Amino acid sequence: MPQRSNSARYLWGDRNPVDASFSYNGYGVGPHVPTVRSTYTVPTGKKANIGLLNTHITRLTAAAPVGDVYSYFRLNAAVFLMSFLLTNGVGDVQRVSVGPTMYLASGDVFDLYTADASTGGTVYYNAAARITAYDA
Amino acid sequence: MTKITAKLIGSGIPGDPFRVNLPTYSMIAEPDYEAKTCEVEVPDDELDNSQKRPDRQKLREKYRGQPAWDRADVASDV
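Going down the list, the protein sequences come from chains Y and C.
For the first sequence, our numbering gives the first residue as 1, with consecutive numbering after it.
For the second sequence, our numbering gives the first residue as 1001, with consecutive numbering after it.
These are calculated hints, taken from the structure and not from any lab test.
Please read these numbers as outputs of a predicted model, since none were measured by experiment.
Even for Gly, the Cβ is constructed at its ideal location relative to N, Cα and C.
Take these hints with a grain of salt, some might be off.
Unchecked claim - Facing chain C, a subset of chain Y residues (Cβ under 8 Å, in silico):
id, residue
1, 24
2, 34
3, 37
4, 38
5, 43
6, 44
7, 90
8, 113
Stated by the list, open to error - Keeping only pairs whose Cα atoms sit at most 20 Å apart, straight-line, the calculated SDA-like set for lysine to any residue is:
id, chain 1, residue 1, chain 2, residue 2
9, Y, 46, C, 1058
10, C, 1003, Y, 21
11, C, 1036, Y, 30
12, C, 1052, C, 1077
13, C, 1058, Y, 135
14, C, 1052, C, 1039
15, Y, 47, Y, 132
16, Y, 46, Y, 76
17, Y, 46, C, 1065
18, Y, 47, C, 1058
19, Y, 46, Y, 89
With the hints as constraints, model all of the structure from the sequences given.
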């Protein structure tokens, strides 16, 4: 049963919701320069709701020497939710998950970056964003 | 979402990371940083009838009024 707010409009969940989720899953990824793995731009006439963010880094093999390893989400110019690993132990993990209530407007850009400034070594990345777009 | 092969732009520095010049995409494999290409998934409604290339008119319509995408040369470097 569609739900209405106090106005005549349906709540966002009943305004033609469409899944726009994305994820990145990289196993055995070596050092690399900053790369945008996924990006979502809210189309014109739409808004979007972000309901879950997760970012996870696990070191699989040691680097020599180790550098910054990070994975983060960015909304327009602001960095949200970062996993950052600087240790070099096999099995070292940095994991962050949040269930935000973030509303995006038309034209907002939400993307996922990864980078690894180490020399050698490999890392497992997993990051996901649960996004639902709906009529503005 | 449909898989296409796209070109990488950028220089790989924090202010100019490697990326694909499309409004919405998701990398599904490691990019080839030498050849500057990568495999990405893009929304079906942004591709042409062959489902292999972005459709300029569809992009302009879907993102109309957004200066980054509503322009005549959108997706010319993909």
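For each hint, the structure was consulted:
no.	hint	in the structure
1	24	holds (7 Å)
2	34	holds (4 Å)
3	37	holds (5 Å)
4	38	holds (4 Å)
5	43	holds (5 Å)
6	44	holds (5 Å)
7	90	violated (21 Å)
8	113	holds (6 Å)
9	Y:46 / C:1058	holds (16 Å)
10	C:1003 / Y:21	holds (16 Å)
11	C:1036 / Y:30	holds (17 Å)
12	C:1052 / C:1077	holds (14 Å)
13	C:1058 / Y:135	holds (18 Å)
14	C:1052 / C:1039	holds (11 Å)
15	Y:47 / Y:132	holds (8 Å)
16	Y:46 / Y:76	holds (16 Å)
17	Y:46 / C:1065	holds (13 Å)
18	Y:47 / C:1058	holds (19 Å)
19	Y:46 / Y:89	violated (44 Å)
Of the numbered hints listed earlier, those contradicted by the structure are 7 and 19.
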